[in-house]
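*Asks:* Sequence:
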Amino acid sequence: MRQPFEYAVIRLVPRIERGEQINVGVLLYCQQRDFLAARTHLDADRVRALAPDVDLPAVAAVLDSWDRTCAGDGPASRMRLGERFHWLVAPRSTMIQTGPVHTGLTADPAAELERLMAALVR
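All the letters of the sequence shown, read from the start, carry residue numbers 1 to 122 under our numbering.
Source of the hints: derived by calculation from the structure; they are not laboratory data.
Misleading hints may appear alongside valid ones.
[To be verified] Distance ranges between label pairs, derived from CB positions:
#, residue 1, residue 2, range
1, D53, H86, 14 to 20 Å
2, R15, A118, 24 to 30 Å
3, L50, L105, 32 to 38 Å
4, R92, R33, 36 to 42 Å
5, R15, D108, 35 to 41 Å
6, A71, E17, 32 to 38 Å
7, R15, D64, 19 to 25 Å
8, D67, I16, 21 to 27 Å
9, A51, A107, 37 to 43 Å
Note that the Cβ used here is the ideal one computed from N, Cα and C, for glycine as well.
Starting from the given sequences, assemble the full structure and let the hints guide the process.
*Replies:* Structure representation (structure tokens):
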């Protein structure tokens, strides 16, 4: 049976003032399946083409923290999955941001996350 889910694209915005962005991941939440996960992919060549001075290891560390937040590491352990999702998709003016939240239906949130990664990031 298909269940509703919410997702947002995770974007790298190397220079906030320019507004240019690269899709680097997807965050997906399905309340009925008790599922929250982020998948990321940092294409160094694409990033360097847009912003050659970006600190790629620092960006990779921030993206890794999204995975840890979804898993409930650190302070996120006190938050429910939905709270974590909404905290992660809240507007921010840092180099790592999310796009708008979209919805859909899926029988397999993990497979849907991989499908979205292939379609929107890789």
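*Asks:* All hints, please: hold or fail.
*Replies:* How the hints compare with the structure:
| no. | hint | verdict |
| --- | --- | --- |
| 1 | D53 with H86: 14 to 20 Å | violated, 32 Å |
| 2 | R15 with A118: 24 to 30 Å | holds, 27 Å |
| 3 | L50 with L105: 32 to 38 Å | holds, 34 Å |
| 4 | R92 with R33: 36 to 42 Å | violated, 27 Å |
| 5 | R15 with D108: 35 to 41 Å | holds, 37 Å |
| 6 | A71 with E17: 32 to 38 Å | holds, 33 Å |
| 7 | R15 with D64: 19 to 25 Å | holds, 22 Å |
| 8 | D67 with I16: 21 to 27 Å | holds, 23 Å |
| 9 | A51 with A107: 37 to 43 Å | holds, 39 Å |
This entry does not satisfy hints 1 and 4, going by the numbered hints stated previously.
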